[in-house]
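**Q** Line order of the protein sequences matches chains A and B. Here the numbering used here runs 983 ahead of the position in the first sequence, where the first position is 1. Here the numbering used here runs 9 ahead of the position in the second sequence, where the first position is 1.
Just so you know, these hints were derived from the structure itself, not from any lab. Since we're looking at a predicted model, the values are computed, not measured. Just so you know, not all the hints are guaranteed correct.
Derived coverage of chain B by chain A (criterion: at least 3 residues anywhere in the stretch with Cβ under 8 angstroms from a Cβ of chain A; other residues may be distant) [what the hints assert, rightly or not]:
| id | region |
| --- | --- |
| 1 | 11-22 |
| 2 | 124-134 |
| 3 | 152-162 |
| 4 | 266-277 |
| 5 | 287-294 |
Glycine included, C-beta positions come from ideal geometry on N, C-alpha and C.
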Amino acid sequence: MNADVFLVGSGQTRFGEWWDKSLPALIEEAVSAAITDAGITALDIDAIVIGNMIGQQISGQGQLGAMTSALLPHRPPALRVEAACASGSVAVHTACALLESKRAETVLVVGAEKMTDAENTAIASALMGAGDSERDAPAGLTFPGIFGLIASRYMHDYGLTREELSLVSSRHHEHAKANPYAQFRSSVSPESVSSSAPVADPLRLLDCSPISDGAAAIILSRTRKSPLRLAASQLATDALSLAERPTITSFAATRDAFCRACEEAEIDRKEIAHLELHDCFSIAALINLEDMQFADPGQGIGIYRDGLQEMSVNLSGGLKGCGHPVGATGVKQIRDLAKQLKASKQRFGAAHNFGGAGATCCVHILEHACEP
Amino acid sequence: MERGTISAVTTVRHPPAGFPDEPRIIGLITLDGGSSVIGRIAGISPRIGDRVVPRMSMERVNEQKLRAYDVVYEVAAPAALQEDPFVFEGYILALTGPSGVGKSTVSKVLSSALSGIVTRVPILTTREPKDGDDGEYLYVTREEFIRLEDAGALAASTRIPSVSEDRRYGYRTEDICKIWNEGRVPLVVTEMHLLQGLARSFGRRSILSCGLLPPGTSRRAMLSQLLHRLRTRGRDSEQSIADRVRNASSDLDFFSHRKELFDHLLVNDDIDAVIATLKGHVLRTQEDTR
């Protein structure tokens, strides 16, 4: 990082089905909560970056930058960024660039998505925008289908069983029980994951993160100090289509972004106490742990089976338990890490957020100084 | 349109709007030329490793009654392997490396150093015999090759792109099984597509996979080393050397992208040291599997 970027406050809506809240209403709720949490006034904000994927298609609302800016009395400069499910973390990355280049002193970062008001086919087709419209979509592939392909290959190569895979969602649901902002706060047994309806073989309903509404906001500043500092913000990309990659059981963008983030923060991966990773589908959680070298290829399930590691994984409940309003997830992960680091008094946490089938990946490392 | 092999497959239970509302089987298919494509698979419960052939099919009719045709892939032959891909029949010793790294020399010396243990698997090829071939090839016509491939008799096959001709290479399942039945270890001296094919057919665990890299600390140094060796051995024309160096460049990427396909990576700067290391790996594996 070319400047100290502090996390001074955060807020979010509960993720879930909010039939009575529009996209602007969700954004306003998260922004107000973040400003209150930071103990600043709206006038202290110099710029806004908002991450959102499908507002245009589903809510008929573009120009989210201007729309969010109008919520504040002084209408600061604002822009919207999009990188499918990584829109939130890419918004954080963009805010870091504004701060590091001294374009702004204090930036409001928002992630928001409104998904439950549309028909399933409309949502599925909007989400498929994250894939390759020429190579993936014409065959009739859906996003669960893309991860179904990945899971089929992974199981073939490494012998992972259906029963083992079910441990992933079950664990994330268990964690979500303690999170008041999570969409699902109930236990789900591995057996019920295995017996849920098939969606894209070998994946079943409870392997998939849900369709959700929600917004999250954080406030980053280089002039207002706080014990929480962003130690790294790294963005990497890969080919959009699975058909253009040398392997589909590992994501190059995750490997690159995470490796560079550790270098930027000057830490060893073993120093990370809390990890929030992108479990859009259960199989992705395993691949991510392997790509970040917390497990050898094919061995990611060991972390869910034995639970022997010192690092926590998706203590918030992850995308499966919390819900996955796509643009909000990357921002909400940083907020969760901040809460976890404060509670555990540990030093480092990492947030891993990717878009599509890992075509964009953004990794942030948050450092907690116990004595600011 | 090229034939290919299924490398991943899923059944989408809720196809997107506009497609027939019924489960849709979609696969990632590795075409024989080495590239990949996503397409619908026509067939009942296709599996990874199955051979597929392309055909045109009317996939849907839109609201304006326009008919949309697309290429679909029909299962030609189920994968030529046992029911459970995780049954361990024996192991294959595989030596993979870019053209010019010295694979033939290493395999020749290794075959005599381990003559009591390993047998080379013959390579099926459609190319003409030429000087310098050392009995490692079985020559077949292109038609015969495709017939064997579609009958599921090949454990792995590939098409090496070349400016002048369409060359195919492969291994027959029966040759490998025969060597196992004799209680010996099949040795393949191979390249990346065939290695992936073998891993698909027999399972990755059945391969003791060694990668052979040219000496050099950077990618550029490695490529110039290969170029030098190809020129000094004098077997190839400048045109063919250019082809080989281009292929070698993607082979080098393969070592970093598909690390999991290799048990050991060796740098071929001293043949005696390489042979000693390889021999050690084989003898240790012999111990372990006994």
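**Q** Closer than 8 angstroms Cβ to Cβ for three or more residues is the test here. Does the region 124-134 of chain B pass it with chain A?
**A** violated (count 0)
**Q** Between the region 266-277 of chain B and chain A, are there enough contacts, at least three residues with CB-CB distance under 8 angstroms, for the coverage claim to hold?
**A** holds (count 4)
**Q** Taking beta carbons only, do three or more residues of the region 287-294 of chain B come closer than 8 angstroms to chain A?
**A** violated (count 0)
**Q** At least three residues with a C-beta closer than 8 angstroms to a C-beta of chain A: is that true for the region 11-22 of chain B?
**A** Result for this restraint: holds, n = 7.
**Q** Given as covered by chain A, does the region 152-162 of chain B meet the bar of three residues or more with CB within less than 8 angstroms?
**A** As far as the region 152-162 of chain B goes, the hint is violated, because 0 residues have Cβ atoms under 8 angstroms from chain A.
When the structure is compared with the earlier hints, violations turn up for hints 2, 3, 5 and for no others.
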